[in-house]
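Participant: Here's the letter readout for the chains.
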Amino acid sequence: MTANGIAPSRLARQAASIGLALIVPALVVAAWAAVPFFVKVPAYKLPTVMEIGEQFWVLTSNGKLGWELLVSGSRFIVGLLLGTALALPLGLAIALNRHVSDVVRPALVFFQAIAGIAWVPMAIIWFGFGQGPVIFVIANTVFFSTIYNVVRGVESIPAVLRNAVRSMGGTGIGYFRELILPGALVQIIVGLRTSMAFGLRALVGAEMIAGTSGLGFMTIDASQSYGTDTVIVGMLVIAVVWYVLDRAVFIPLERKTVVRWGLQRFQ
Amino acid sequence: MSWSAQTKMLKGASGIAAILLLWQLSVYVVDVPPHFYPSPAAVWRAFIEMTEKGILPSYIADSMLRYLLGVLIGTAIGCALALLIASSKLAMRMLGPMIDFLYYMVELAWIPLFVIWFGFGLPTILVAVVYVVIWPVLFNSLSGIRSIQPSLILAARSLGGSRWQVLREVVLPGMLPQAVNGFRVAAGFAFRALIFGELIGAQSGIGYLIFESTTHLQTDRTVLGMICMGLLWLFIDRNYLRPFEKATIDRWGMVVSHDS
Numbered sequence: 243m244t245a246n247g248i249a250p251s252r253l254a255r256q257a258a259s260i261g262l263a264l265i266v267p268a269l270v271v272a273a274w275a276a277v278p279f280f281v282k283v284p285a286y287k288l289p290t291v292m293e294i295g296e297q298f299w300v301l302t303s304n305g306k307l308g309w310e311l312l313v314s315g316s317r318f319i320v321g322l323l324l325g326t327a328l329a330l331p332l333g334l335a336i337a338l339n340r341h342v343s344d345v346v347r348p349a350l351v352f353f354q355a356i357a358g359i360a361w362v363p364m365a366i367i368w369f370g371f372g373q374g375p376v377i378f379v380i381a382n383t384v385f386f387s388t389i390y391n392v393v394r395g396v397e398s399i400p401a402v403l404r405n406a407v408r409s410m411g412g413t414g415i416g417y418f419r420e421l422i423l424p425g426a427l428v429q430i431i432v433g434l435r436t437s438m439a440f441g442l443r444a445l446v447g448a449e450m451i452a453g454t455s456g457l458g459f460m461t462i463d464a465s466q467s468y469g470t471d472t473v474i475v476g477m478l479v480i481a482v483v484w485y486v487l488d489r490a491v492f493i494p495l496e497r498k499t500v501v502r503w504g505l506q507r508f509q
Numbered sequence: 006m007s008w009s010a011q012t013k014m015l016k017g018a019s020g021i022a023a024i025l026l027l028w029q030l031s032v033y034v035v036d037v038p039p040h041f042y043p044s045p046a047a048v049w050r051a052f053i054e055m056t057e058k059g060i061l062p063s064y065i066a067d068s069m070l071r072y073l074l075g076v077l078i079g080t081a082i083g084c085a086l087a088l089l090i091a092s093s094k095l096a097m098r099m100l101g102p103m104i105d106f107l108y109y110m111v112e113l114a115w116i117p118l119f120v121i122w123f124g125f126g127l128p129t130i131l132v133a134v135v136y137v138v139i140w141p142v143l144f145n146s147l148s149g150i151r152s153i154q155p156s157l158i159l160a161a162r163s164l165g166g167s168r169w170q171v172l173r174e175v176v177l178p179g180m181l182p183q184a185v186n187g188f189r190v191a192a193g194f195a196f197r198a199l200i201f202g203e204l205i206g207a208q209s210g211i212g213y214l215i216f217e218s219t220t221h222l223q224t225d226r227t228v229l230g231m232i233c234m235g236l237l238w239l240f241i242d243r244n245y246l247r248p249f250e251k252a253t254i255d256r257w258g259m260v261v262s263h264d265s
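As given, the protein sequences belong to chains L and C, one line each in that order. Position one of the first sequence corresponds to residue 243 (this note's numbering), numbered consecutively onward. Position one of the second sequence corresponds to residue 6 (this note's numbering), numbered consecutively onward.
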């Protein structure tokens with residue numbers, strides 16, 4: 243790396259990048275604290291970093307944040323499981339027959355285009371306010387995203403492979419287990435990440451409009467009484483949840499499956 | 006159009022027709038109030054009525070204008086930021102983690118804050134769309150720039166290329182495939198953000214139609230709004246985004262990975 247041939251140790255390099263990475267957030271926080279000295283901003287529009295920290299502490303210690311996180315998390319899991327459980331068998335069934343897949347695909351594309359928060363108003367009519375519409379909208383989002391990926395996954399299996407397996411006498415369960423499932427799995431797993439990203443957005447959006455609890459509801463409810471500190475705490479918690487989900491669940495999962503099979507270069 | 010493409014289209018149309026037919030028939034079978042389960046016929050009547058009154062066209066125009074404006078501004082800011090950051094290694098190392106973090110902030114979570122800052126109305130919607138567009142464009146452009154082999158840049162330099170020439174001849178073309186990919190993702194997110202922004206803070210537009218009509222139990226209009234939303238998105242995607250992507254691929258001979 244360096245011109246004089248003395249490579250800095252790994253640790254030092256890491257420390258340097260962490261240090262560099264911290265400069266910008268520090269500047270942002272400093273600018274944030276400095277704004278009220280230069281421009282007149284009503285306090286409710288720009289709470290100080292300290293206030294947000296305090297609010298985080300209050301919400302954590304009285305258990306509110308933990309509770310909302312639990313409520314939102316369980317809805318997310320239920321919606322995700324429901325949507326995936328319905329989409330997998332249906333998607334495979336559709337995709338196994340090329341004619342059925344041709345018939346159903348345009349409708350799927352259309353439903354995928356409207357999946358998500360646009361269903362919230364109808365879901366409120368059907369289930370009333372509360373967790374009913376939230377779970378429905380998550381499941382709906384995940385369902386159409388996943389089913390589309392399953393169909394595409396099966397279709398991405400090269401015809402040569404299909405013919406090869408067939409001509410070797412593969413039929414029924416064997417054909418399904420040895421070719422269709424592994425062949426489609428990559429697209430399904432990659433698609434699951436997209437589905438989860440959409441599902442999380444559905445969760446937050448639906449809770450804001452139709453919820454009576456949960457993280458999304460907490461932020462929109464706080465914004466109506468100008469509790470900006472709570473709004474910002476909620477935003478940060480949602481971001482951390484998504485970050486952890488992505489880093490702790492998906493990247494290892496992709497590494498174990500997609501990358502291991504050498505089907506997609508890991509980035 | 007080839008014969009097989011024609012049959013494929015016919016099959017797809019038959020699928021949609023079957024759904025419409027089943028939907029209409031099921032309305033006769035299930036015994037629920039019409040606002041609970043509006044029939045396709047009722048949705049069609051709502052479509053005719055709202056078109057004749059001129060409400061629907063003006064809502065669509067409003068939504069499209071907001072969308073277009075937001076996507077253009079967001080893409081411009083995203084690309085400019087990417088080039089600015091990429092022009093300095095130090096800036097890249099300093100800003101990289103911050104951008105990674107902001108990428109993970111769920112866009113919808115910003116909306117309550119935008120409402121506090123900008124009030125209900127056009128500014129909030131526009132800011133939400135712009136915000137949603139910036140990150141995927143910036144994030145993908147940067148990772149495109151990161152994926153350029155350093156030897157290419159060194160080669161261009163040693164052949165006497167100026168900073169500007171290196172940027173134009175090596176960095177920009179290297180960045181483009183990923184940037185285009187990011188743009189497509191952004192365009193999809195932006196459409197959802199637009200609808201959501203209109204659900205929460207607007208007096209017109211498709212999102213407003215979807216939300217407002219349910220409070221008067223005019224759910225035929227709600228479903229009409231949802232169908233308009235789907236058709237609008239497919240129209241944008243097929244007529245503008247896909248050809249744009251294809252054009253860039255043809256021009257630079259690049260392969261862009263497709264996702265959703």
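The hints are simulated quantities; they were obtained by calculation from the structure and are not laboratory data. Remember, predicted model here, so these are calculated numbers, not experimental data. The beta-carbon is built from N, C-alpha and C at its ideal position, and this holds for glycine as well. Each hint should be verified, as a subset may be incorrect.
Sample of chain L residues with no beta-carbon within 10 Å of chain C, all distances over it, derived [stated by the list, open to error]:
| no. | residue |
| --- | --- |
| 1 | V270 |
| 2 | L323 |
| 3 | L328 |
| 4 | A355 |
| 5 | G358 |
| 6 | P424 |
| 7 | I431 |
| 8 | S465 |
| 9 | A481 |
A few chain C residues that face chain L, going by a derived Cβ cut-off under 8 Å, partial list only [to be verified]:
| no. | residue |
| --- | --- |
| 10 | A10 |
| 11 | K13 |
| 12 | Q29 |
| 13 | Y33 |
| 14 | V35 |
| 15 | R98 |
| 16 | R197 |
Participant: Please go over all the hints and tell whether each is borne out by the structure.
Facilitator: How the hints compare with the structure:
{"no.": "1", "hint": "V270", "result": "violated, 8 Å"}
{"no.": "2", "hint": "L323", "result": "holds, 21 Å"}
{"no.": "3", "hint": "L328", "result": "holds, 17 Å"}
{"no.": "4", "hint": "A355", "result": "violated, 4 Å"}
{"no.": "5", "hint": "G358", "result": "violated, 6 Å"}
{"no.": "6", "hint": "P424", "result": "holds, 20 Å"}
{"no.": "7", "hint": "I431", "result": "holds, 12 Å"}
{"no.": "8", "hint": "S465", "result": "violated, 4 Å"}
{"no.": "9", "hint": "A481", "result": "violated, 4 Å"}
{"no.": "10", "hint": "A10", "result": "violated, 11 Å"}
{"no.": "11", "hint": "K13", "result": "holds, 5 Å"}
{"no.": "12", "hint": "Q29", "result": "violated, 15 Å"}
{"no.": "13", "hint": "Y33", "result": "violated, 19 Å"}
{"no.": "14", "hint": "V35", "result": "violated, 12 Å"}
{"no.": "15", "hint": "R98", "result": "holds, 5 Å"}
{"no.": "16", "hint": "R197", "result": "holds, 6 Å"}
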